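*Asks:* If you read the protein sequences in the order shown, they are chains A and B.
Sequential numbering from 1 applies to the first sequence in the working numbering.
Sequential numbering from 1 applies to the second sequence in the working numbering.
Among the hints, a few may not be true.
Said to hold, decoys possible - Every beta carbon over 10 Å from chain B, so not counted as near; a handful from chain A, in silico:
hint: 1; residue: 205
hint: 2; residue: 255
hint: 3; residue: 296
Said to hold, decoys possible - Stretch by stretch, here's where chain A covers chain B in the computed footprint (C-beta under 8 Å, at least three residues):
hint: 4; stretch: 29 to 41
hint: 5; stretch: 103 to 111
hint: 6; stretch: 249 to 260
hint: 7; stretch: 284 to 290
hint: 8; stretch: 328 to 339
hint: 9; stretch: 370 to 377
Think of the hints as simulated: they come from the structure by calculation, not from any bench.
Computed from a predicted model, the values in this text were never measured in an experiment.
For every residue, glycine included, the Cβ atom is placed at its ideal position computed from N, Cα and C.
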Amino acid sequence: MKSTFANIVSSLPSEYADLRFEENRKIRIAYEGKELTQVAITLTSGGHVRAYVNGGKAISSFSDPGRARQIAEATCSSAALVGNSREKKLKIASAPVVTEDFLITPTRDPRKVSLKEKLDLATHYNEMILKNPNVITTQTVYDEFTSRRIFVNSDGSVIEYELVNVGVFGMIVTKKGDVVQRVRFAFGGNTDYTPLLDREEDLREQIAKACELLDAEPAKAGVYPVVLDPSESGVFIHEAFGHLSEADGLQNNPSFRAKLQLGTTLGKPILSVADDATLPGLPGSYKIDDEGVRGMRTPLITQGILSGRMHSRETAAEFNEPLSGNMRAVDVQFTPIVRMSNILIEAGDSTFDDMIGSIDKGYYLVGAKGGQTSGDQFTFGAQWGYRIENGKLVSMVRDINMSGELFSTLQATSMIGNDVRFGERGGCGKGGAGPMQMNRKSGKGSPHIKIDAVTIGGI
Amino acid sequence: MHPIIERANSAVDQAELYWNRAHSIAVRYENCRLQQVMENDVSETSLRAIKDGKIGSAYAVFPDQEGLLDNAIAGAKYGDPVQFSFTGSADYPDLVSYDENAARLQSSDLIELCETIKTKLQRQLPDVALGIGANRVKTKLVVQTSNNANAEADSTSAGYYFGAPFHGAGIGVFKFESGIAPPVVNDRLLDEFVEWYNWGAQTSTPSTGRLPVILTPQAAFLMMMPLLAGVSGDAVWKQTSPLAPRIGEHILSEKLTIHDNPLLAGSTDARAFDDEGVPCAKRVIVENGVLKNFIFDQRIGAVMGRPSSANGFKRTMFGSGNETAINPWFCCPTIEPGDTSWRDLMKGIKEGLLITGGMGFHSGNYPQGQFAVQAVGFHIINGSVVGRLDQTMISGNIYTDCRKISAVSRETGPCGGFLPLGEAPYILIDSLQAAGK
């Protein structure tokens, strides 16, 4: 099949063309409360072709590999239609030809674990949660995604590679009177089955937090200094800065391109940020992206100065910047778009106590609860928080969200901790060139950080 | 009868097949330039099987049949006992969901449409980085069961969007229109876009405190998503809904009447049957502020001793489609309009907010009616817009704050955000908590 596809893309009337063919398998076991709502197996296979003709681009997904040539030729015709209408032609940066396979051999391969064992694991954790009298329901999910992909392009790259991602995650829902609270948990999130096991103590801690929250006070709206725990600050740097470092989002936004020239000072010298696909055992780690470019480490902010960004071959050519290997598609229905691999704030030298001690009145936000960004505006939630008064944590708070503007918030990041941690479960939603793609393989890491002023939503 | 159902008949107690095929064409302009043409032809299948009283599911994207039945049986081996049967034969309501002219649209037609929009907008906004797109989708959906349900629908969807970030900002104005017929450029929508874009030339941040707020139709999800979470039979069954004991009570302002109307003419989400093959019908959810009905799929209906309300859909906040498990969800939510112009609502506000969207909604405790989002929209002073909102959050609880609504507008628009395509008016909420200066 590899050689057939390679022959197709090499014979197309295009400046550049590539074709990705996938066979994917997903397993999802889901509990909601006592009820096992889903034991589901999903199979996906098919191809995706991209073509650049006369500086225009077209893409297609298809099912039948026997129609690959016909689809690829039609895609070239569409690309020509685009190219003929464009004065400014799209270009592709040159990239090394890769003819290598990248297969995955986890310590314990989830593909070799029986469905029964996976079900028993999810059942065990779910029953643990349900034993707590404050718990009114749960969501406990075993989620496994495995993919075997062939990538060929008109440069001569021929690559076979695998993706594996497995995890147990869910939600603990507690209730007391009219107050209902939800706390998330997640184990695993990379290629190995082992981290899913023996996590009872971690789960007990999350159950206890979900119970404590029932007596917590709601956050009060206003502008405050905050300390973010590593999970929250990981989401902050992902949502607020990371998405603006994805060049496909900047490519056609002249005002942000002007604001984000390499060399621009974005923060204090204590702030350094990188994207790193090469870190082992994290959700966003990979050897090769879906454009046939090797995953790598890309410094994004170095000592407060914008030093790099994430690219496709198309954006690297347009920005005249180095390749970064960040083009990924969640499955064959989607075209690859520029995505973070594992983004991280590098360690500083402040301690947690230093940060809390420096705040008279503010909040400490703990645990990522999702976020959203649009350009330089960002918003995200915390699983729980603590009110800070006179340099001390005084009481737990619930229902706490924060928002801000990227550039002022980066400048207001005044202390960076020495305790970098990565979240276990990855995840990121991004639209880009088409519908929303929910990507499991996106990691986030950070130490504690202090921000001098953000807007807190609350009562 | 689909061959999978025929094969399943001899292997399992009951089977349900959901099959669709979508052929889509989309064109996309970035910064006023044609960026890409995309064409997809995707077929998807899901099979639920009940064997020995237990249920299992399997899904496939592209390969329609291979391994599907075996995987569903493997799931059923470990599945929970089920208390419902798959749908039997039924009569479905008439619904016009297909337009041959829309089905024939090609990429060149969509490019021509986008060029028209670009030309018209550039006359008034010559230096704006416009994003424009148009698409056409032709879909065939089949739901069949071994109990003789046979629901089939051909549908078309065609639409366009345009938007642009405010100069120097990440947030901007975005407008869209869609329907089952070939789209025609709506000059009123273009004019409104230009007006709103110009409103946002300056930023303005309100003081922290309680302010009157107008939710535009695109921002109606801030109220409707918590309501959906509250009226979902699933949440009622699990006792996580704050509405569980409140049928017949006033939960919202008497000015609000809310339906789920799957037969909404022209909506691209309109359906004659849900994803379990149950016939759809218009259903009142809230009437003059009084909670009237919850929504159920087959599974939740059965455990609560209620029939499905034809709200079993493969939809969630972040996705929809074949692999999504069926759960109770709105089909086409609608809020009844009032009799006041939305511009008149604005004129009466001394200081307030016109909200067009909210960021970070999903990270709040919305199942309890709460929201705390970064406000996207405009700051109103003395009845006029003074600028786009900057660094402002709004928060509240719909079951307290939406009890006090001054008026709803006579104009309606498509509700956006996380909701399927229904219709909503502009809604003037007496006050919400704003966090700004």
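*Asks:* Identify every previously stated hint that the structure contradicts and give their numbers, smallest first.
*Replies:* As far as the earlier hints go, 2, 6, 7 and 8 are violated by this structure, in ascending order.
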